[in-house]
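Trainee: Read off the chains here:
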Amino acid sequence: MIRTEEMLLNVGPQHPSTHGVLRLLVKVDGERIVEAEPVIGYLHRGTEKLAEDLTYTQIIPYTDRMDYLSAMTNNYAIVHATEKMMGLEIPERAEFLRVIVMELNRIASHLVWMGTYLLDIGAMSPFLYAFRDREQILDLFNELCGARLTYNYMRVGGVKWDAPSGWIGKVDHFVTYLQKQMKEYHQLVTGNEIFMQRTKGIGVYDQETAISFALSGANLRVTGLNWDLRKDSPYSIYEKFTFEVPVGEAGDLYQKYLCRMREIDESLKIVAQAVDDFPAEGKIMGKVPRVLRVPEGEVYVGIESPRGELGCHIVSKGKDKPWRLKFRRPSFYNLQILPTLLKDENISNLVAILGGIDIVLGEVDG
Amino acid sequence: MLGLMKGLNVTLKNMVKPKVTYNYPKEPLKMPDRFRGIQYFDPDKCIVCNQCVRVCPTDCISLTGKKNPDPEQKGKVIDTYDINFEICILCDLCTEVCPTEAVVMTNNFELSTYSRDELFKNREWLFANDENIRSENTLNPLPAKKPKGGSPS
Amino acid sequence: MDALLLYLGPVILLFIVLGFVTYAILAERKVIGWIQGRIGPNQVGPWGLLQTVADILKLLIKEDTIPKNADRSLFKLAPILAFVPSFAVLAVMPFSSRIQFANIGVGLLYYMAISSITTIGILIGGWASNNKYALLGGMRSAAQMISYEIPLVLSVVGIVLTVGSLNLNEIVAAQQKTWFVFPQIIGFVVFIIASVSELNRTPFDLPEAESELVAGYHVEYSGFRFAFFMLAEYVYIFAMSSLTTVLFLGGWNAPFGLTFLPGIVWFIIKFALVVFFLYWVRATMPRIRVDQLMQFAWKVLLPLALANIVITTLLKEVPFFTLYY
Amino acid sequence: MSEEDKKPPVRPKPAAKKVVDEKALPPSPKQPVVDDLVTQLKGKLGERAVLEGYINQPNDHLPTLIISQEKWIDVLSILKNEPDLHFTYLQNASAIDYETHLEVVFHLHDLNRKERVAVKVKLDREQAVLPSASHLFAAANWNEREMYDLMGIHFTGHPELKRILLPDEWVGHPLRKDYVALDKEV
Numbered sequence: 001m002i003r004t005e006e007m008l009l010n011v012g013p014q015h016p017s018t019h020g021v022l023r024l025l026v027k028v029d030g031e032r033i034v035e036a037e038p039v040i041g042y043l044h045r046g047t048e049k050l051a052e053d054l055t056y057t058q059i060i061p062y063t064d065r066m067d068y069l070s071a072m073t074n075n076y077a078i079v080h081a082t083e084k085m086m087g088l089e090i091p092e093r094a095e096f097l098r099v100i101v102m103e104l105n106r107i108a109s110h111l112v113w114m115g116t117y118l119l120d121i122g123a124m125s126p127f128l129y130a131f132r133d134r135e136q137i138l139d140l141f142n143e144l145c146g147a148r149l150t151y152n153y154m155r156v157g158g159v160k161w162d163a164p165s166g167w168i169g170k171v172d173h174f175v176t177y178l179q180k181q182m183k184e185y186h187q188l189v190t191g192n193e194i195f196m197q198r199t200k201g202i203g204v205y206d207q208e209t210a211i212s213f214a215l216s217g218a219n220l221r222v223t224g225l226n227w228d229l230r231k232d233s234p235y236s237i238y239e240k241f242t243f244e245v246p247v248g249e250a251g252d253l254y255q256k257y258l259c260r261m262r263e264i265d266e267s268l269k270i271v272a273q274a275v276d277d278f279p280a281e282g283k284i285m286g287k288v289p290r291v292l293r294v295p296e297g298e299v300y301v302g303i304e305s306p307r308g309e310l311g312c313h314i315v316s317k318g319k320d321k322p323w324r325l326k327f328r329r330p331s332f333y334n335l336q337i338l339p340t341l342l343k344d345e346n347i348s349n350l351v352a353i354l355g356g357i358d359i360v361l362g363e364v365d366g
Numbered sequence: 001m002l003g004l005m006k007g008l009n010v011t012l013k014n015m016v017k018p019k020v021t022y023n024y025p026k027e028p029l030k031m032p033d034r035f036r037g038i039q040y041f042d043p044d045k046c047i048v049c050n051q052c053v054r055v056c057p058t059d060c061i062s063l064t065g066k067k068n069p070d071p072e073q074k075g076k077v078i079d080t081y082d083i084n085f086e087i088c089i090l091c092d093l094c095t096e097v098c099p100t101e102a103v104v105m106t107n108n109f110e111l112s113t114y115s116r117d118e119l120f121k122n123r124e125w126l127f128a129n130d131e132n133i134r135s136e137n138t139l140n141p142l143p144a145k146k147p148k149g150g151s152p153s
Numbered sequence: 001m002d003a004l005l006l007y008l009g010p011v012i013l014l015f016i017v018l019g020f021v022t023y024a025i026l027a028e029r030k031v032i033g034w035i036q037g038r039i040g041p042n043q044v045g046p047w048g049l050l051q052t053v054a055d056i057l058k059l060l061i062k063e064d065t066i067p068k069n070a071d072r073s074l075f076k077l078a079p080i081l082a083f084v085p086s087f088a089v090l091a092v093m094p095f096s097s098r099i100q101f102a103n104i105g106v107g108l109l110y111y112m113a114i115s116s117i118t119t120i121g122i123l124i125g126g127w128a129s130n131n132k133y134a135l136l137g138g139m140r141s142a143a144q145m146i147s148y149e150i151p152l153v154l155s156v157v158g159i160v161l162t163v164g165s166l167n168l169n170e171i172v173a174a175q176q177k178t179w180f181v182f183p184q185i186i187g188f189v190v191f192i193i194a195s196v197s198e199l200n201r202t203p204f205d206l207p208e209a210e211s212e213l214v215a216g217y218h219v220e221y222s223g224f225r226f227a228f229f230m231l232a233e234y235v236y237i238f239a240m241s242s243l244t245t246v247l248f249l250g251g252w253n254a255p256f257g258l259t260f261l262p263g264i265v266w267f268i269i270k271f272a273l274v275v276f277f278l279y280w281v282r283a284t285m286p287r288i289r290v291d292q293l294m295q296f297a298w299k300v301l302l303p304l305a306l307a308n309i310v311i312t313t314l315l316k317e318v319p320f321f322t323l324y325y
Numbered sequence: 001m002s003e004e005d006k007k008p009p010v011r012p013k014p015a016a017k018k019v020v021d022e023k024a025l026p027p028s029p030k031q032p033v034v035d036d037l038v039t040q041l042k043g044k045l046g047e048r049a050v051l052e053g054y055i056n057q058p059n060d061h062l063p064t065l066i067i068s069q070e071k072w073i074d075v076l077s078i079l080k081n082e083p084d085l086h087f088t089y090l091q092n093a094s095a096i097d098y099e100t101h102l103e104v105v106f107h108l109h110d111l112n113r114k115e116r117v118a119v120k121v122k123l124d125r126e127q128a129v130l131p132s133a134s135h136l137f138a139a140a141n142w143n144e145r146e147m148y149d150l151m152g153i154h155f156t157g158h159p160e161l162k163r164i165l166l167p168d169e170w171v172g173h174p175l176r177k178d179y180v181a182l183d184k185e186v
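Protein chains in written order, with my numbering: chain V, 1 to 366; chain E, 1 to 153; chain W, 1 to 325; chain F, 1 to 186.
Just so you know, these hints were derived from the structure itself, not from any lab.
Note that the coordinates shown come from a computational prediction; the quantities given were computed from them, not determined experimentally.
It cannot be assumed that every hint is accurate.
On the chain V side, residues computed to face chain E include the following (Cβ under 10 Å) [what the hints assert, rightly or not]:
1) E31
2) T55
3) Q58
4) P61
5) C145
6) A147
7) N152
8) P164
9) E184
10) Y185
11) Q187
12) N192
13) M196
14) D232
15) S233
Don't be surprised by glycine CBs; every beta carbon is placed ideally from N, CA and C.
Can you make the complete structure from the sequences, with help from the hints?
Mentor: Structure representation (structure tokens):
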């Protein structure tokens, strides 16, 4: 075989398909990737360090900015960990609101993933359709908590705002609307032969590798493992709802796509159930002391964010500020497998595989 | 081929659907009431309790009080009140703790300027920003004066 | 008078083509915008009609930058080499029974031959930029254009066999009864796919695949030189749509005997439909992968095109079909 | 911060354990699990391998082990490879600066049995050295780089121990409690 000279290609930090400021040092031989090394940290803001000087309430807006596509789950991670340490009771209405917004946020996040993924692969329109539908979720959030991305909605002990009048009806309406839209997505994307060719059998890894790299979310489920923290270590009121955990078999990109699309369907089911059972009235804040002092100790809780297991590890020394706050950021864990997957792949597959992992750089870099 | 045809059909159908874009900035965007925009500050209501400064996660608020000029009254009145919108993240915590609704959110969000210095807003500017004020604000009302407040439960 | 027309004609055509490019770009943005639930450009001029004019003006007054380590002379040559053939191929295009610049015997061959020169321009541009993305884009472009030229040429051999001429006028004249799109349906499909690929448009826009190679071969170009690459791309859309109309859609011939409209109007209508189809495809499809692209050309399109030739030659001898072949 | 400085503890105790002691919670249902783990590990690696085993009650009765620094890798390897333990999933890896010492916590998970365990190791602040677990858990690779970067723990045998989130030329390890930022304003 003829040996050709290898070339070092610097992909990012400003590149259309690195979803932010990820930089990849790629050694290529022609269009074949010999080696790829992710360089991260361009968006590191030191959230964990900053949190040591902030009260628990003040940390919540900071978590909005980690995984900025699903800030609600981030909010929940920190308040959930704090509540667990303080042993607080959360009113039912607040839990319902939390579940509704978290699942809506999961849908919004998966829609963005679907759109940007198709954009990476070269199709333009699904991106705008996905954003069009996500816009409705953002409008709902805007009405509920006054912001479209950085919600700062949850509080230790409950949520900040009650649902405005008519909001629940709008959510219900949206569920019906999106269920109809999903059919359109399947027509446009799922059956598309070019899309199948680009994704089937690409970026495959087995279950053992996935567990070793501690992948989570759709990245883990696509290998056939039924693992969803909403089911396997239930938090909030997820036990009340019936939903399935979509699982793939082949572990390739197409299955990942299907998994995420079915997760949208399942989330819609949860939202629909939560809207039906929504308590007519009730408090949205539990009994919480004015100054939050978390008892001494440590706690780690993981929740299922759209990207995987979002964990929050709090070490407290009994003050109103955490002694150490550590987030298990799913994108950070999921990105680690990238060099393994990219070896001996084509450059065109680089963006497809990277997009399939679904990273948010704000989360990778903390 | 069939999948591609279906896709072409979807895009063609979407071509005649109504468009979803806004004609912004020609038509201003109407934000819902709870929208967290630039704060309005009412110096008369402020009791210089310093809660907003303490709760601010980015330390963007600075205020000074002075003795009440009216010798009859006790307590302090506000002297200067500045919010640095270079670092303010509009997180709503200051309005949440303010017991007198002296600092409240408005629905205005347009802050772009040609100079960073202009993002440093003082008491007069914040007082002049009196349009589209949000109706519900504090979660921390003064117990006696405001029995219902904005508590949303 | 004739001499005047000889020199003035091409100038007029150039302006028509420039006008087409200006509004083709606008139309593309509008059409894709509508498909995506947007309005498209609407700020410059009424309905955004002056948007492209403004864009071109911006490109013209932009600073002319050449990367420090680029090969300066080749860098400057590349856009010209890409653009000139795109305009030169229009010479043989019969827009109506009277409007044509050069009625040469090997019109079709001339088109195919001249249009391949653009590949060299793109390759040179990619190489001279001294940028890795541009190089990859240039290499992809060369591989793709060469691979797809073969099915493109072979797909029209069926027509040539039927008509017995390479002259484009005669090809149009032969379609007075039936357009070739019906008897030559296999050839048509292969031709459309190969021509989209020749145009470097979605789903075959690999040389400039923006999500992989940022902008591909023209990543280092800006200002006027970039405008030339864009111009070449859109003039080719003009040329290729014209060629499709001429070869398969009956050129200026009116369908169903609707001759109350002049031939040129029918030509424009058919031509516009082809252009719209290109936009429509662009708004729908994802990008094919580079190795699949090669496989598709050699393993699918080429056998299909060859089969089409065989079928045409066979059917030419079958009594009933002789009418159509 | 100053309060902690005033009372130098003679023997560093894990923060979580105090809660259990002070409040005198009822014995946890998970107590046998942790006892079993401790006996198993002590039996295999000697008495000094596990310094302490307790239940972190507020955290859903999480069995927690404190491992001696020397046996860290051996313990992790047993936890991962023993068929009846099978803690193959590295759920979380944190490092904590307690000012008196550093602590590394790995939260391990067995996805089949849905069992969790937290293993901790205490390190000297001045000489924070720990053998790398990246050959056991592929996920530990970046986590250890992150801990090195932000907490200054050196992992011996790590394939590529360099800064991950901060620039290579950064001075100091920001998550240490005595870290002084160069620029106060930032």
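Trainee: Hint by hint, note whether the structure agrees.
Mentor: To see whether the hints hold, each was checked on the structure:
1. E31: Because about 25 Å separates E31(V) from the closest Cβ in chain E, which is outside the 10 Å limit, the hint is violated.
2. T55: holds, 8 Å
3. Q58: holds, 4 Å
4. P61: holds, 4 Å
5. C145: With a minimum Cβ separation of about 6 Å from chain E (threshold 10 Å), the hint on C145(V) holds.
6. A147: At 5 Å from the nearest chain E Cβ, A147(V) passes the 10 Å test, so the hint holds.
7. N152: holds, 5 Å
8. P164: Since chain E brings a Cβ to about 7 Å from P164(V), closer than 10 Å, the hint holds.
9. E184: holds, 6 Å
10. Y185: OK, holds: Y185(V) within 10 Å of chain E, min 9 Å.
11. Q187: holds, 5 Å
12. N192: Check passed: Cβ of N192(V) comes within 5 Å of chain E, closer than 10 Å.
13. M196: holds, 8 Å
14. D232: Status violated, d = 33 Å.
15. S233: This hint is violated: S233(V) lies away from chain E, its Cβ roughly 30 Å from the closest one there, beyond 10 Å.
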